[in-house]
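Visitor: What follows is each chain in one-letter form.
There are 2 protein chains.
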Amino acid sequence: MSDPTPNPPSDRHRLVVVGAGFAGLQLVKSLGHDKRLAIQLIDRRNHHIFQPLLYQAATSILPPSQIAWPIRQLTRKYPNVTTVLAEVASVDAIARQVRLAGGASLAYDTLVIATGVTHAYFGHDDWAAFAPGLKTLEDATQIRRRILLGFERAEAEPAAAEAHLTFVIVGAGPTGMELAGTIAELARTHLPDEFRNIDTRRARVLLIEAGPTILPTFDPSLAAYALRALVELGVEVRTGEAVTACNADGVVTSAGPIAAHTVIWAAGVEASPAATWLGLAGDRVGRSPAAPNLTAPGFPDVFVIGDTASVTWREGTLVPGIAPAAKQQGAYVARVVRARLDGRPPPPPFRYRHQGSLATIGRNRAIIDFGDIKLKGFLAWWLWGAAHIYFLITARSRLAVTWNWIWAYARNEPAARLITGPITPDEG
Amino acid sequence: MSDPTPNPPSDRHRLVVVGAGFAGLQLVKSLGHDKRLAIQLIDRRNHHIFQPLLYQAATSILPPSQIAWPIRQLTRKYPNVTTVLAEVASVDAIARQVRLAGGASLAYDTLVIATGVTHAYFGHDDWAAFAPGLKTLEDATQIRRRILLGFERAEAEPAAAEAHLTFVIVGAGPTGMELAGTIAELARTHLPDEFRNIDTRRARVLLIEAGPTILPTFDPSLAAYALRALVELGVEVRTGEAVTACNADGVVTSAGPIAAHTVIWAAGVEASPAATWLGLAGDRVGRSPAAPNLTAPGFPDVFVIGDTASVTWREGTLVPGIAPAAKQQGAYVARVVRARLDGRPPPPPFRYRHQGSLATIGRNRAIIDFGDIKLKGFLAWWLWGAAHIYFLITARSRLAVTWNWIWAYARNEPAARLITGPITPDEG
Chain U
1 MSDPTPNPPS DRHRLVVVGA GFAGLQLVKS LGHDKRLAIQ LIDRRNHHIF
51 QPLLYQAATS ILPPSQIAWP IRQLTRKYPN VTTVLAEVAS VDAIARQVRL
101 AGGASLAYDT LVIATGVTHA YFGHDDWAAF APGLKTLEDA TQIRRRILLG
151 FERAEAEPAA AEAHLTFVIV GAGPTGMELA GTIAELARTH LPDEFRNIDT
201 RRARVLLIEA GPTILPTFDP SLAAYALRAL VELGVEVRTG EAVTACNADG
251 VVTSAGPIAA HTVIWAAGVE ASPAATWLGL AGDRVGRSPA APNLTAPGFP
301 DVFVIGDTAS VTWREGTLVP GIAPAAKQQG AYVARVVRAR LDGRPPPPPF
351 RYRHQGSLAT IGRNRAIIDF GDIKLKGFLA WWLWGAAHIY FLITARSRLA
401 VTWNWIWAYA RNEPAARLIT GPITPDEG
Chain V
1 MSDPTPNPPS DRHRLVVVGA GFAGLQLVKS LGHDKRLAIQ LIDRRNHHIF
51 QPLLYQAATS ILPPSQIAWP IRQLTRKYPN VTTVLAEVAS VDAIARQVRL
101 AGGASLAYDT LVIATGVTHA YFGHDDWAAF APGLKTLEDA TQIRRRILLG
151 FERAEAEPAA AEAHLTFVIV GAGPTGMELA GTIAELARTH LPDEFRNIDT
201 RRARVLLIEA GPTILPTFDP SLAAYALRAL VELGVEVRTG EAVTACNADG
251 VVTSAGPIAA HTVIWAAGVE ASPAATWLGL AGDRVGRSPA APNLTAPGFP
301 DVFVIGDTAS VTWREGTLVP GIAPAAKQQG AYVARVVRAR LDGRPPPPPF
351 RYRHQGSLAT IGRNRAIIDF GDIKLKGFLA WWLWGAAHIY FLITARSRLA
401 VTWNWIWAYA RNEPAARLIT GPITPDEG
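Here the protein sequences come in this chain order: U and V.
Read in order, the letters of the first sequence correspond to residues 1 to 428 in this note's numbering.
Read in order, the letters of the second sequence correspond to residues 1 to 428 in this note's numbering.
It should be emphasised that the hints constitute simulated quantities derived from the structure, not laboratory data.
Small disclaimer: the values here were computed from a predicted structure and weren't measured.
Be aware that a few hints might be false.
[To be verified] Covered, in the sense of this in silico footprint (three residues per stretch, anywhere, with C-beta under 8 Å from a C-beta of chain V), are these stretches of chain U:
#: 1; stretch: 16 to 22
#: 2; stretch: 40 to 51
#: 3; stretch: 138 to 149
#: 4; stretch: 194 to 203
#: 5; stretch: 240 to 249
#: 6; stretch: 399 to 408
Note that CB positions come from ideal geometry on N, CA and C, so glycine has one too.
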């Protein structure tokens, strides 16, 4: 196989960016018009995903195409940016080469690794088959399939409906809570009129959390409100209960087995192998260490940003793994790169500015923690919706998502309640 | 496994409908409010597909969710309709039972089989792996993947770009022509700005037809116009050229081999096994014979409608396999069933009213054959768009499709240019 992307003319500074998530994309946008650079943006998918709404694709509220866009389309207006659809196999930081799966290499002068995280099963990778996590569009489509097939199986076998109508979400962070709330709402609001042999409102939605509380990163008063809202929606919240096994029948927790057709894993993440590529020791979940200027320690020309990096915030805590944090890091590294090209002194160390935490619990209810200001309820829900629409990547999606939300709200018609793939029981 | 759907109270007439395409769905809608009936609508998918726009899902113009809707949602307002997600294995017309895959059975008083057609390879089923056809959402997603990966591979290996950028469509009926026109437009209009190593406008799109002409069901003057429009779009149209093999390298035709990364099969259909289930002799492509009242000959309580039936039209021709024909047959059988329940004389034999044939060739160009009136060009294109939006099943989709078309037209941004699934070369 020949070199897949001819390296750019050597008179330009070769910037290679791995990962087109929020961090990598922000970096590329910030530097896209700088003619001194030849930028190659590598991703193993052809699309950027708007992660904060991925749970809505997994629950049939939004179609995948409204929360994902071709990376090429997002970068087409920057003539010095080349998009490369490929998987990175390793980095040779001595030879300054990124090696792609398939054998080709890309040479760099500056490398930025922004490869994010994946879900982790704490050493129990065999659980993945029974309890899928939610990071990709394929994950979302598979989870959507399972959820919808649970209702279908219950309708087909009303005598065995209980397990088919049991949905277990493991992990009560924002994603777990949002999944639980949306599934409960599907069962109670959207679906009851469509089934004849079962009452979908009898579905059990369990949110299981090993820690002592849901939403540990939120203010306790907001977490308590979210807990009440979940219970009102019919979600059974179980804290202090650890999952000890996932299998074809459901899950086993410290309190006993739960028969469930659908189990979704929202309990833990593991960093992508940025640290491994560089030969650095990762932290507990594999995140690469990062110097104050977001370079990888010992590699002044390699930056590690976004969820794959462990960046200190305040009082020993880490910068949270949320979109605004990733974007700030991407924008910061753009400033460092530009200062280097200009021969100017570097900007001061990266400082994360926390703009707030948001989460939603079904329709009409959300929580927002701005620090001094804490909001909950209907107003918070409106702000949550407005913020997410504002931050959506393209104008087309802003209108389409708004429209689909109005429709789902007013007409109880989720936009994408499709089961694709086989319907045979063995498979799902 | 228990009986999947408890049979309805015996005081109601049990109507079982197999297939929720245009024919089956129209029948169910026409009878949905008749309280004397207990209707069971069986489909092996959870969604109804708007087939006339499926090619747009295959070419990334529209997302699958805008041309497909949950069958349960479409029938939820009819309390006497039960939707059954299941595959039919056979029919026992003596015992009046439909047997489902998995072993369960549904008893019927009246049965309607509306199971449509699938693509056929004229005895060469091994070609399916290399030349997918377009009937399901999964087909559309797979074809979309192949088309988009063709451009990606060419960008990664510019030296081998020629085969990657060769797209072969086999069969020049409306679907083949619409696929060819849309792919040519993607290559020439939507994509050029996004690639750096290749010129996507160099893509070859070949429309190969074994017969002497494209669009044989249209008036020759309209077919000639379509041919000119295709050539202007850059499509190479080859008539009188039969495909003799499909393999991993592309196709072989009577004129020689063509190396092509993407081959799409739009050349032939084969009826679903309605005739086989009833022990009847099917026609050349397996369609069940149908009596003038659309019952299966010898089975007065079994109707065969839509594409799976061979229904005579005029001068020995058959009713065409298009949506309006299927809907007319569904509505007709509803009248027959209602007359029987009323004890009234049956309606006169089914008579197909042809409302016209439409097809589009890229943006701004379409052909419409109303019989006396023949339209082509820009006005026809507007009418084509308006007609398709009008006939879309739900209001949400009407607005969403309109919006996406405007966006694709004005901004060159197709709504759903996503590659899902693995990106490894071996896979496709």
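Visitor: Hints broken by the structure, by number, lowest first?
Guide: Those not satisfied are hints 1 and 5.
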